[in-house]
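Trainee: Here is how the chains run, residue by residue.
Protein chains: 2
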Amino acid sequence: QERIPADLGTAVNICSMVFGNLGKGSGTGVAFTRDPGSGQQGVYGDYLENAQGEDVVAGIRNTLQLQALEQIDQQSYGELMSIMETLENHYRDLCDIEFTIESGKLWMLQTRVGKRTAGAAFRIATQLVDQGLIDLDEALTRVTGAQLAQLMFPRFDDSSDATPIATGMSASPGAAVGKAVFDSDRAETMAANGDQVILVRRETNPDDLNGMIAAQGILTSRGGKTSHAAVVARGMGKTCVCGAEELDVDLKNRRFVTRGGTTIAEGDVISIDGTSGDVYAGKVPVMPSPVVQYFEGTITGDAIDGGQPDELVLAVHRLITHADEARQMRVRANADTPEDAERARRFGAEGIGLCRTEHMFLGDRRQHVEDLILAAGDDERQAALDALEPLQRADFVGIFEAMDGLPVTVRLLDPPLHEFLPDFTELSVRVALAEERGEDAGREQALLDAVRRLHESNPMLGLRGVRLGLIVPGLYGMQVRAIAEAAAELKAAGKDPRVEIMVPLVGAVQELESIRDDARKILAEVQQSTGQDLDALVGTMIEVPRAALTAGQIAEAAEFFSFGTNDLTQMGWGFSRDDVESAFFSRYLELGIFGVSPFESLDVEGIGRLVRIATEEGRAARPGLKVGVCGEHGGDPDSIHFFAEVGLDYVSCSPFRVPVARLEAGRVAVASAGSDSR
Amino acid sequence: QERIPADLGTAVNICSMVFGNLGKGSGTGVAFTRDPGSGQQGVYGDYLENAQGEDVVAGIRNTLQLQALEQIDQQSYGELMSIMETLENHYRDLCDIEFTIESGKLWMLQTRVGKRTAGAAFRIATQLVDQGLIDLDEALTRVTGAQLAQLMFPRFDDSSDATPIATGMSASPGAAVGKAVFDSDRAETMAANGDQVILVRRETNPDDLNGMIAAQGILTSRGGKTSHAAVVARGMGKTCVCGAEELDVDLKNRRFVTRGGTTIAEGDVISIDGTSGDVYAGKVPVMPSPVVQYFEGTITGDAIDGGQPDELVLAVHRLITHADEARQMRVRANADTPEDAERARRFGAEGIGLCRTEHMFLGDRRQHVEDLILAAGDDERQAALDALEPLQRADFVGIFEAMDGLPVTVRLLDPPLHEFLPDFTELSVRVALAEERGEDAGREQALLDAVRRLHESNPMLGLRGVRLGLIVPGLYGMQVRAIAEAAAELKAAGKDPRVEIMVPLVGAVQELESIRDDARKILAEVQQSTGQDLDALVGTMIEVPRAALTAGQIAEAAEFFSFGTNDLTQMGWGFSRDDVESAFFSRYLELGIFGVSPFESLDVEGIGRLVRIATEEGRAARPGLKVGVCGEHGGDPDSIHFFAEVGLDYVSCSPFRVPVARLEAGRVAVASAGSDSR
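For the record, the sequence lines run as chains A and B. Numbers 1 to 678, taken from the working numbering, label the letters of the first sequence in order. Numbers 679 to 1356, taken from the working numbering, label the letters of the second sequence in order.
The shape of chain A in the complex, shown without the other chains (with noise of 0.2 Å):
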């Protein structure tokens, strides 16, 4: 899997020995420059006497704090010390160390960069900046945006007594709390009655599905952090804690025991924390993030700003203030709603790269799509159509003056008209029932009919995206009119909307020409009635293999690109993520087939490859070409660096995930400026 050759050998280190357990004057220890947890500085670490380095590790021995050295050997920790304050003006780091005192002699053994948790990543950048052993750019390489992400969980509140009674993987970050439930048509149904649940596996399989949507949180027995439950905890978002083997699950009789005794039974509430792995009995209270607090404004990170900051606030506040200031890319949000563009504003988004508005057909509005479907002719089509118009121009109002003087992309409708019907089974087994009873199915009877007509094998691959738009006569009008008297009567009210149409699903470029010929002819009336000028651009998602392999032709007739790299994964791999992820990823991961998920990463080599070829066909057909991604790659920290590297202009992703695509942005910028001038 690690495709080492058999034939490279073994290498073999000589070295000579000290010995740490010659007698009373001798001992062992690990030392840190700053506590690992925190990043305070001070001395941390731990020492035994007459003892060797694995007695430390194993644990079988009480240690003594490091301070403790300065009583027993004085000579040694003042040695120690000046040591340890030179690996560190050296290593410009904290560093984790390893030593031995033999009969009164302190041997260093070895000594690296140590491991930290996120805060303290962040903390120790900015301590050492002022210090000034770093500057600020490279103190922006020392933190990373995984760790950003982990310290925007909510987490249980650090003042809480509570006490693990187990612990297990940290598979998928966040803190949940629930009644532990142990099969999951059950959660399913008490997730339906308004219980939260925790959901409580050996090993979970594609039969759980329902039952891990249904719950706060995933929590088995088995399985690693490429297990079943973790892989698709993870494609979920939703807080996972798997292979706590020292729990016994007892499925038969719905409880746990814990090695240290307590038993959970069915509907006891547990409180399991993702990021650490621990699992607790009880409610533990959950506190909101600071550092989400912070971007939200609610708390602020300028010290300048009288009240005194919370120090990682403030570590983070300077971290993200200065990769703003290097980025040379852009970072947008995925928002379809007024309120998640303004909170993706106030999380620093530049404006919005996605905007779908199928959410804009659900809900009350569902009837209109009905009857739009169900219309025996254009009038009653055109009915449907108007009914539907207002309500979608207010939907653009709302967004556009939320992004006011920001770009906002608005993704003409996407998924099959079918999604907007019954399921097709559930419906077919309820007019069934409805005749073997001798009742009327009326309306159902005539539903069932435009379900079957519109029932598709696989509907991903069927009548969707730009396809719907040449096939529904006015719809796509019906959305660029909306799309377009919504800037004018913002322009009218002096405010400065910045509108991109974008194309869904688009493989050749006949498709796009077609609906961007209507749409310059809509915006041209609207521009003409209302008098207003809208510059608004008509361009295209790339998530279709095709368009990326012909996108020199499609630049011809597109103002942007932007990748739709969840798509483009499906298509390129052939999978389809719902049926995928779940059925045998787990697999494919414990097999090496890839090391993480092609939906959390993006596989470079391959649908990377389509990306590339893209960029560089469309931009070499359309100099200036504004090309971006708004696929949830774009806040995944290795694709974003793949992003920079073949210079998109600008990366979209959820509100939540906009801080770390900045900070990413920003390492990207330094790292690559770094290798330019050295």
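Since the hints were made in silico from the structure, they are not lab data. Each statement offered as a hint is correct.
Listing some non-contacts, in silico: residues in chain B with all C-beta distances to chain A over 12 Å:
id, residue
1, M759
2, E1003
3, D1057
4, D1118
5, A1171
6, A1351
Heads up, incomplete: computed chain B residues facing chain A, CB under 7 Å, no partners named:
id, residue
7, E1189
8, W1251
9, G1252
Have a look at the derived ranges for each label pair, beta carbon to beta carbon:
id, chain 1, residue 1, chain 2, residue 2, range
10, B, Q874, A, E600, 53 to 61 Å
11, B, Q788, A, E358, 57 to 65 Å
12, B, N888, A, P154, 48 to 56 Å
Every residue gets a Cβ at the ideal spot worked out from N, C-alpha and C, and that includes glycine.
Since the structure of chain A is provided, determine the placement of chain B on it from the hints.
Mentor: What follows is chain B alone, placed relative to chain A:
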């Protein structure tokens, strides 16, 4: 759509006029140097005295046969005959000539190489060879695979005195006979009762899919060659006449009336000719194609063989024999049974490029597959596999025997397991009704649970192909063992089986490595236990876009590539053929988004680019890598030219398409040799 810039301007031709309508000594006519219908040499054409060209073409005045001109104006006739000979010798082909006689003086208006029927094309090409006007290479360029395909459809008996009651467009070739039916549901019901039906509609839409599947042929009164009926029928390979506008289709009264007044009511038998567009009342006798009889070996194409061969069959024989001598690209067939393999061999296949193993899991064996899926543990699963293995082995023995000495590429199981189970919706309805009636659903309930567990939103992008092989323990191993044992059995009997094991749906080299390593182990075991040398190759389909994009890596583990261009097209365009062909392809063809369905002819710009990348990079990584194609495109003339240009080693297609592929591969070779040397 044609991408002609609007600023190109319009060309103007200026020429002097002659008049054929100056009285009795004047006239006009058309002449062919050979009969464009049969290819026979002689004087063919029409003449009209005192007339201009439009009068001949319009058909409002009755023309004379060209021979009559000899009586009217012998001098002009003699001059015309001499010019016709000059023209044919110059063009070395059938010429289509227009002339006018103005007051006794012959003027030639224009000539061009004339259109001809498929049969005439073959006859004329070989006649010209016999006359020494062209050589066999050039003769090969005068016929096409599409023409040969036309000659292979069954036809209505020419000697029948049936006269068409109407003529529409020849939308999809073949000869179909059945009862006229005017709605799709009834067509489905009648077909289920054993009736042969012709679906008659004004036009079809996606709701007619069930009727089109059930019918022998489709007849519509509206729409052209890109109408829904035409596109879908061609996709199904089903006879279709569309746009027969002289038919008045009265759906309400379930009948149609022709312009001539014939009324056909539902249930009346009609016959439709998809090659000519003719519609007949009643049953017209269908004749087998003599060209197919030739390939089947029931009639001979060799004149030396004694009897007098059909001139057409002899022409086909000479040209296909020459194509075989000329071509570099091999032709294989897709065949899953010994019968198909034998026919393919008769039709000239040089191996099997795709032997699907799906059908081997159907029929009586479905029970074992159900057992495999419902297996409660390893033992039950192994028992199901053990029951399947000898059946599979017997299948392979038959196929390898039929293809003795030629390569057979066996594809390991590809479709998702739920394809072997009942339909989810139908089963849900049955179980719900059983419950409603208080009956015990029994095994159906257990099946429903399994179907629900295996249910996929997008089965094409789900748990199938190599994924199945990696997730279901023992499945691929059982298949490989059956293949190996079958080969060993034949070797022991002195036969020469040449086995290629093909892994489907590979997207990453690691998938292939894992299966290959297992397969190699099993092959070695069987070799060991039987003492027979098994030189089986292990290779992969290239049908997932990512596989094409990482072909260099995959070639390290693959001993051959075979492009599955059908899936590559589906995934590359993001199209599910079942869903999109009926839903919107006709509209797309109308809009000019593509000129031909990408399932008929390979989309060279998009999907072809993947084929090119994978071939080049695969061969760069493994020089001499054997590369073929086994999608339906392997039998499409345009696609074959592209595959030859890319340098594939072989194409594989359905047995009936093998002669077409042989001819086209020969044509490519002759054309490229021509362009090299001239």
